[in-house]
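Visitor: When you get a sec, could you build the whole thing from the sequences and use the hints?
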Amino acid sequence: MSNGHDLAPSRAAIDAKLRKILSDVLGLAADDVAAFDADTGLFGHLPELDSMAVAGLLTEMEDQLDIIIEDDDVDGEMLETYGGLLAFAEAKAVEA
Amino acid sequence: MTPFTLVNWPCRAVGCGNDHSEMALTFDRGRTIRLLVIPALFDEANKLRRQTINVMRRLDLAGVDTFAPDLPGCNESAASLPQQTLAIWRDATADASRHFKATHTLTVRASAILAPDGLPGWAWAPTGGRQALRGMIRARTIAAKEAGRPEKTEDIQTLGRSEGVELAGWRIGATMFRDLETANPADHLIEIPQSDLGGPGLWLRAEPDEDASQAESLAAILSIALELNP
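Listed in order, the protein sequences are those of chains A and B.
The opening position of the first sequence corresponds to residue 1 in my numbering, with each subsequent residue numbered one higher.
The opening position of the second sequence corresponds to residue 1 in my numbering, with each subsequent residue numbered one higher.
Please keep in mind that the hints were generated in silico from the structure rather than gathered at the bench.
Any given hint could be a false lead.
[As the list claims (entries may be wrong)] Derived, one-sided and incomplete: chain A residues facing chain B with beta-carbon distance under 10 Å:
1. Val25
2. Phe43
3. Pro47
A virtual CB, placed ideally from N, CA and C, is assigned to each residue, including glycine.
Guide: Listed below in structure tokens is the structure:
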């Protein structure tokens, strides 16, 4: 619950952080990741994203977005597209 | 540039026997500053090997001797990985430090938990044993879910503590698993955060990678620090 002093990060801020994390994990230039849209495929679409890289991605999201990701949170829908991952990160940031 | 040399060093760590040796990759020209480089652990060992050696090459040019020992159970070691414990690995790094007459150490990521007592040095992007396990356990739960036979983190942890467990292809014994859960980076080291190197951590990538400018930055930071604290 927001008390007016401790606002959740804005959608734009989460979007920017998430793109930076993906650029670090995938080893892609910022410009390439800037071109990702909601339908851009991630896990299962990008060879750079194997299970170990996804584990690193989730851990970076936890550290940089200050959220906790549980086993049950991780599913195909959340990881399949950039839009799915962003929606998940936003929902978690509001909870946090 | 000096070519590196692969040498044997006597590893007398408890449990390794009296006649055990391990290998080390070294740049040794008998110089005054001698840096023991303790490689990253488990899956990050593979991902950071190339970058670590690239940093050693640059330190060689800067006049620093460096030594990267294999830990028992890793690489070409004759020791069995699942039988390793943190105590054995700490003994082994202390042995390597004595053998190579190290004056300083550089740890890489979770190897900060293995830094020999009393050996001053730096921890590159240090992390603890629990965090090292967390990443590998998470990779296992994601792969298991993808394969249609989901596993829970708690179940993997219970198995790890009681019988040991294979994570990211590394067979980790029960004692080692329990040791890692509470192992923190040595507090006498000076931290070099990844953000000081001007680029993302290469351990995040799916495959081993290299970054010349990050290697330059790390070697420069160390060279300056070593000149100030010879």
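Visitor: Which of the numbered hints above does this structure break?
Guide: none
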